[in-house]
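Chemist: Sequence:
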Amino acid sequence: MTLGLLTFAWVWFCLGIVSGAVLGLVFHREDGWGGYGSWRRRLARLGHIAFFGTGVLVLAMALTARALPEVQAVADALRWAGPMAVVGAVTMPLVCGLSAWRKPWRVWFPVPVTALGLSVLGFTAALIRGVLA
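The sequence shown runs 6 to 138 under my numbering.
Calculated from the structure, these hints are not laboratory results.
There may be inaccurate statements among the hints.
[What the hints assert, rightly or not] Here are the simulated SDA-like cross-link-like pairs (lysine to any residue), alpha carbons at most 20 Å apart as the crow flies:
#1 K108 <-> H33
#2 K108 <-> G42
#3 K108 <-> T12
#4 K108 <-> G40
#5 K108 <-> W44
#6 K108 <-> R47
#7 K108 <-> L64
#8 K108 <-> L51
#9 K108 <-> V95
#10 K108 <-> V118
#11 K108 <-> G37
#12 K108 <-> W38
Kindly generate the complete structure, drawing on both the sequences and the hints.
Modeler: Given below as structure tokens:
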């Protein structure tokens, strides 16, 4: 499980770099994607940064599980929290990109936010419970 999460995190970092390079092709223009403060440009930047932020989250989960192999609660939580974090990591930049393209897609933000929130809260609770046990 942790090898898959580690690999996912590093692929996500690569996609963050690629998306930043693609966005950089337009961002030198003052009016690129509607100007610096426009909805489209803000959401595109958020999607680009989401690759890095969610990648760090998945990496932290995998490294925590590897560092604490004796804590069964962490291993148990990783079985569902890891895939849930991946769902959130995939859907966050996707929803950002779709929302930048067409504003009505913003109604889908609860999907990545809920997946990431439940994943982090559940994993953290398991970590605390396991360490205190």
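Chemist: For K108 and V118, compute the direct alpha-carbon distance and say whether it is at most 20 Å.
Modeler: 17 Å, holds
Chemist: Regarding the pair K108 and W44, is the alpha-carbon distance no greater than 20 Å?
Modeler: 8 Å, holds
Chemist: Mind checking the alpha carbons of K108 and H33 for me, to see if they're no more than 20 Å apart?
Modeler: 23 Å, violated
Chemist: With the threshold set at 20 Å, check whether the alpha-carbon distance from K108 to R47 stays at or below it.
Modeler: 12 Å, holds
Chemist: Could you grab the alpha-carbon distance between K108 and L51 and see if it respects the 20 Å cut-off?
Modeler: Distance ~14 Å between K108 and L51 Cα, so the pair holds.
Chemist: Are the Cα atoms of K108 and W38 separated by 20 Å or less?
Modeler: 13 Å, holds
Chemist: For the pair we were handed, K108 and T12, check the Cα-Cα distance against 20 Å.
Modeler: 32 Å, violated
Chemist: Has the given pair, K108 with G42, been kept, meaning a C-alpha gap of at most 20 Å?
Modeler: 15 Å, holds
Chemist: Verify the proposed pairing of K108 with G40, using a straight-line Cα cut of 20 Å.
Modeler: 16 Å, holds
Chemist: K108 and L64 were given as a pair; does the straight-line alpha-carbon distance stay at or below 20 Å?
Modeler: 31 Å, violated
Chemist: K108 and V95: Cα distance at most 20 Å?
Modeler: 19 Å, holds
Chemist: Is the straight-line distance between the alpha-carbon of K108 and that of G37 20 Å or less?
Modeler: Holds - the C-alpha atoms of G37 and K108 are around 17 Å apart, at most 20 Å.
Violated hints for the displayed structure, listed by number in ascending order: 1, 3 and 7.
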